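The primary structure of each chain is shown beneath.
2 protein chains.
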Amino acid sequence: MEAFVHAPTPEGVGYVRTQRMHWTTPLTLASGATLGPLTLAYETYGELAPDRSNAILILHALSGDAHAAGYHSPTDRKPGWWDGMIGPGRAFDTNRYFVICSNVIGGCRGSTGPSSPHPVDGKPYGSRFPIITIEDMVRAQQRLIDALGIETLLAVAGGSMGGFQALAWAVEQPQRVRGAILLATSARSSPQTVAWNYIGRRAIMADPRWQGGDYYDGEPPRDGLAVARMLGHITYLCEEKLEQRFGRRGDPGTLDLGPRFAIEHYLEHQAARFNDRFDANSYLVITRAMDSWDLAARYGSLEAAFDQARARFLGLAYSSDWLYPPSETYQMAAAAHAAGRSFTTHLITTDAGHDAFLTDLDMQSVLIRDFLDRLAAE
Amino acid sequence: MEAFVHAPTPEGVGYVRTQRMHWTTPLTLASGATLGPLTLAYETYGELAPDRSNAILILHALSGDAHAAGYHSPTDRKPGWWDGMIGPGRAFDTNRYFVICSNVIGGCRGSTGPSSPHPVDGKPYGSRFPIITIEDMVRAQQRLIDALGIETLLAVAGGSMGGFQALAWAVEQPQRVRGAILLATSARSSPQTVAWNYIGRRAIMADPRWQGGDYYDGEPPRDGLAVARMLGHITYLCEEKLEQRFGRRGDPGTLDLGPRFAIEHYLEHQAARFNDRFDANSYLVITRAMDSWDLAARYGSLEAAFDQARARFLGLAYSSDWLYPPSETYQMAAAAHAAGRSFTTHLITTDAGHDAFLTDLDMQSVLIRDFLDRLAAE
Numbered sequence: 001m002e003a004f005v006h007a008p009t010p011e012g013v014g015y016v017r018t019q020r021m022h023w024t025t026p027l028t029l030a031s032g033a034t035l036g037p038l039t040l041a042y043e044t045y046g047e048l049a050p051d052r053s054n055a056i057l058i059l060h061a062l063s064g065d066a067h068a069a070g071y072h073s074p075t076d077r078k079p080g081w082w083d084g085m086i087g088p089g090r091a092f093d094t095n096r097y098f099v100i101c102s103n104v105i106g107g108c109r110g111s112t113g114p115s116s117p118h119p120v121d122g123k124p125y126g127s128r129f130p131i132i133t134i135e136d137m138v139r140a141q142q143r144l145i146d147a148l149g150i151e152t153l154l155a156v157a158g159g160s161m162g163g164f165q166a167l168a169w170a171v172e173q174p175q176r177v178r179g180a181i182l183l184a185t186s187a188r189s190s191p192q193t194v195a196w197n198y199i200g201r202r203a204i205m206a207d208p209r210w211q212g213g214d215y216y217d218g219e220p221p222r223d224g225l226a227v228a229r230m231l232g233h234i235t236y237l238c239e240e241k242l243e244q245r246f247g248r249r250g251d252p253g254t255l256d257l258g259p260r261f262a263i264e265h266y267l268e269h270q271a272a273r274f275n276d277r278f279d280a281n282s283y284l285v286i287t288r289a290m291d292s293w294d295l296a297a298r299y300g301s302l303e304a305a306f307d308q309a310r311a312r313f314l315g316l317a318y319s320s321d322w323l324y325p326p327s328e329t330y331q332m333a334a335a336a337h338a339a340g341r342s343f344t345t346h347l348i349t350t351d352a353g354h355d356a357f358l359t360d361l362d363m364q365s366v367l368i369r370d371f372l373d374r375l376a377a378e
Numbered sequence: 001m002e003a004f005v006h007a008p009t010p011e012g013v014g015y016v017r018t019q020r021m022h023w024t025t026p027l028t029l030a031s032g033a034t035l036g037p038l039t040l041a042y043e044t045y046g047e048l049a050p051d052r053s054n055a056i057l058i059l060h061a062l063s064g065d066a067h068a069a070g071y072h073s074p075t076d077r078k079p080g081w082w083d084g085m086i087g088p089g090r091a092f093d094t095n096r097y098f099v100i101c102s103n104v105i106g107g108c109r110g111s112t113g114p115s116s117p118h119p120v121d122g123k124p125y126g127s128r129f130p131i132i133t134i135e136d137m138v139r140a141q142q143r144l145i146d147a148l149g150i151e152t153l154l155a156v157a158g159g160s161m162g163g164f165q166a167l168a169w170a171v172e173q174p175q176r177v178r179g180a181i182l183l184a185t186s187a188r189s190s191p192q193t194v195a196w197n198y199i200g201r202r203a204i205m206a207d208p209r210w211q212g213g214d215y216y217d218g219e220p221p222r223d224g225l226a227v228a229r230m231l232g233h234i235t236y237l238c239e240e241k242l243e244q245r246f247g248r249r250g251d252p253g254t255l256d257l258g259p260r261f262a263i264e265h266y267l268e269h270q271a272a273r274f275n276d277r278f279d280a281n282s283y284l285v286i287t288r289a290m291d292s293w294d295l296a297a298r299y300g301s302l303e304a305a306f307d308q309a310r311a312r313f314l315g316l317a318y319s320s321d322w323l324y325p326p327s328e329t330y331q332m333a334a335a336a337h338a339a340g341r342s343f344t345t346h347l348i349t350t351d352a353g354h355d356a357f358l359t360d361l362d363m364q365s366v367l368i369r370d371f372l373d374r375l376a377a378e
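Line by line, the protein sequences are chains H and L.
Counted the way full-length UniProt numbering counts, the first sequence spans residues 1 to 378.
Counted the way full-length UniProt numbering counts, the second sequence spans residues 1 to 378.
These are computed hints drawn from the structure, not numbers from a lab.
Note that the structure is a prediction, hence the values are computed from the model and not measured.
Treat the hints with care, as some may be off.
What the hints assert, rightly or not - Coverage of chain H stretches by chain L, computed from C-beta distances (three or more under 8 Å per stretch; other residues unrestricted):
id, stretch
1, 220 to 230
2, 291 to 303
3, 328 to 334
Said to hold, decoys possible - One side only, chain L facing chain H, incomplete, derived with CB under 7 Å:
id, residue
4, 239
5, 264
6, 288
Unchecked claim - Heads up, simulated SDA-like pairs for lysine to any residue below, C-alpha to C-alpha not over 20 Å straight-line:
id, chain 1, residue 1, chain 2, residue 2
7, L, 123, L, 24
8, L, 241, H, 235
9, H, 241, L, 325
Positions of the beta carbon are idealized from the N, C-alpha and C atoms, including for glycine.
Using the sequences provided together with the hints, build the complete structure.
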């Protein structure tokens with residue numbers, strides 16, 4: 001195993017742009033409804049090998065997008081959301097692999113979602129956008145991988161909801177996935193995550209500006225989305241981290257009901273930033289898709305689900321992640337082993353909570369690099 | 001130590017009524033503002049001994065009230081919120097002790113709060129209600145204990161925010177408190193609890209029906225209070241309990257954004273019930289009081305705070321309580337010991353989360369009965 005090395009080539013993948021793939025043929029959804037024409041936003045990093053054997057598909061979490069690495073322009077304050085993981089010499093080494101990051105349908109970051117024009121009248125879907133599932137997201141992505149001329153993916157990888165998609169890929173497209181890297185994720189949404197998602201949706205839908213979902217002519221439901229985001233944010237961090245970062249710092253002299261403590265100002269800041277880049281209806285549609293994620297129910301048992309797969313699995317769990325706790329990874333591993341599948345788990349000790357897969361990159365980089373080395377050598 | 005016995009006399013304290021004490025003299029608050037005239041709702045169970053040595057004051061949590069035990073009328077579906085703990089032969093044995101439960105100022109259950117008439121115009125305080133602290137609640141309760149003719153309390157006891165008050169009593173009125181029973185509580189609000197409270201308030205204040213707090217002529221902000229309550233409810237339960245009670249039961253066929261899973265229907269039910277009995281402004285004022293709770297900041301250190309106290313302490317922590325985790329109890333115990341105070345801790349193994357002090361009564365009953373026996377014998 002290699003030594004821990006921080007980003008050997010700090011310049012990463014450099015400048016990139018988000019691309020879009022369009023299909024006029026509608027996609028038939030799990031519900032029976034159809035969605036089309038369809039657009040999927042994606043980015044790619046590195047070069048596809050002549051034998052097309054080196055492609056890795058990266059899937060993102062609830063609030064992510066196709067911009068996983070590099071910069072769009074010199075004025076960007078921040079690179080893509082997993083920049084430290086993707087680039088020359090990084091865990092997903094773009095000197096060796098062709099890395100694709102695909103957005104999800106239902107989103108608002110370039111792919112077909114509730115804010116996209118409805119084919120009948122050209123006005124935003126709004127309340128007309130159908131209920132989708134994780135499997136629907138993955139079926140849209142299969143079109144993208146087809147269109148890129150890739151038969152078999154060396155690996156699929158994702159954290160949180162990205163892990164849902166990676167696992168769905170491995171189970172639903174067994175012949176196309178050689179390895180699946182599942183970070184801070186689960187084979188189903190637990191009652192607690194369903195509850196958090198529901199409360200966030202409840203806040204959005206109670207915002208009078210939501211207008212039943214048809215608010216695109218007016219003000220968006222910023223207050224509802226703010227509450228949903230604040231709530232989510234606290235579930236992504238653990239108590240110890242909040243203690244370190246914020247403690248009880250604040251202004252004890254403030255005698256009103258508004259923000260006073262550092263943690264409160266932080267939540268407002270996060271909510272405002274999220275409102276600037278995310279659509280409330282996408283939050284509703286994507287969290288509902290997350291809630292319906294339950295692989296055991298779909299296949300009769302988790303073992304039966306893993307029995308479908310052919311990939312090798314790497315499951316990374318994070319000690320302070322209480323939203324998708326390590327026990328969820330161990331349950332997947334147990335079911336995979338019962339089905340005779342290869343599933344390696346690692347527990348990473350961290351105080352970064354669920355967000356660790358986005359922020360604590362050292363250990364996971366070593367483990368992922370090693371996993372990919374072995375896959376590529378097979 | 002006695003055997004574990006469930007409610008030896010099932011009839012408990014029988015029928016009771018909530019009483020109210022009034023004072024025309026305003027109470028000066030920590031902020032320097034005054035609040036008056038003042039009303040405090042309370043209930044009592046058992047008889048005060050001729051030497052007035054057997055009084056125990058029970059303090060309630062955020063959503064509680066003075067009705068801790070017994071029934072108000074034959075049509076009541078449920079008894080008071082701690083009925084299993086208070087009654088003949090129960091932990092707070094009304095054959096031996098005179099048990100008082102006091103409501104808090106800022107509330108909406110019979111004591112002066114934002115929905116009470118303002119002395120100047122007789123209209124509800126609304127936005128004019130002052131910011132209060134835990135210490136202000138306790139100072140109002142001191143008037144009640146004075147008026148009942150009680151010099152020294154055998155014990156003060158409370159869980160969660162009730163524990164804040166019990167601890168404030170012990171530290172601020174050392175000569176009047178012989179024992180303090182602290183359940184599922186802490187000497188300060190952690191950044192995470194501050195954050196949950198803030199998000200709940202944010203939801204209420206974003207509800208357009210809140211009207212800056214002056215909504216008593218119209219509709220109350222039911223949606224905002226619903227979100228706040230749902231959020232609180234999930235923090236009171238632990239993952240294991242949610243799994244047992246709800247799992248992923250629901251109607252997978254529902255293709256909309258509303259409630260579909262059992263956990264979602266449960267949250268809506270809890271929110272509706274809470275809206276029927278609780279005032280949103282009281283939720284704001286009381287959670288703000290909780291946020292300001294920080295005994296170490298007030299006294300320079302937690303050790304210095306405990307140095308003020310003279311009571312013996314019993315601290316009960318609950319293994320699955322992640323809102324006020326056992327570490328908070330151990331921190332109080334360590335500070336008390338450093339100050340030379342008697343502080344006994346017990347960790348109760350339970351899957352009931354923070355709510356355990358309201359629902360898992362067997363073990364805590366034994367421990368509290370034993371603690372009171374020793375106090376009374378001294």
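Structure-based check of each hint:
| no. | hint | in the structure |
| --- | --- | --- |
| 1 | 220 to 230 | holds (count 5) |
| 2 | 291 to 303 | holds (count 4) |
| 3 | 328 to 334 | violated (count 0) |
| 4 | 239 | holds, 5 Å |
| 5 | 264 | holds, 5 Å |
| 6 | 288 | holds, 6 Å |
| 7 | L:123 / L:24 | holds, 17 Å |
| 8 | L:241 / H:235 | holds, 18 Å |
| 9 | H:241 / L:325 | holds, 15 Å |
Hint compliance for this structure: hint 3 alone is broken.
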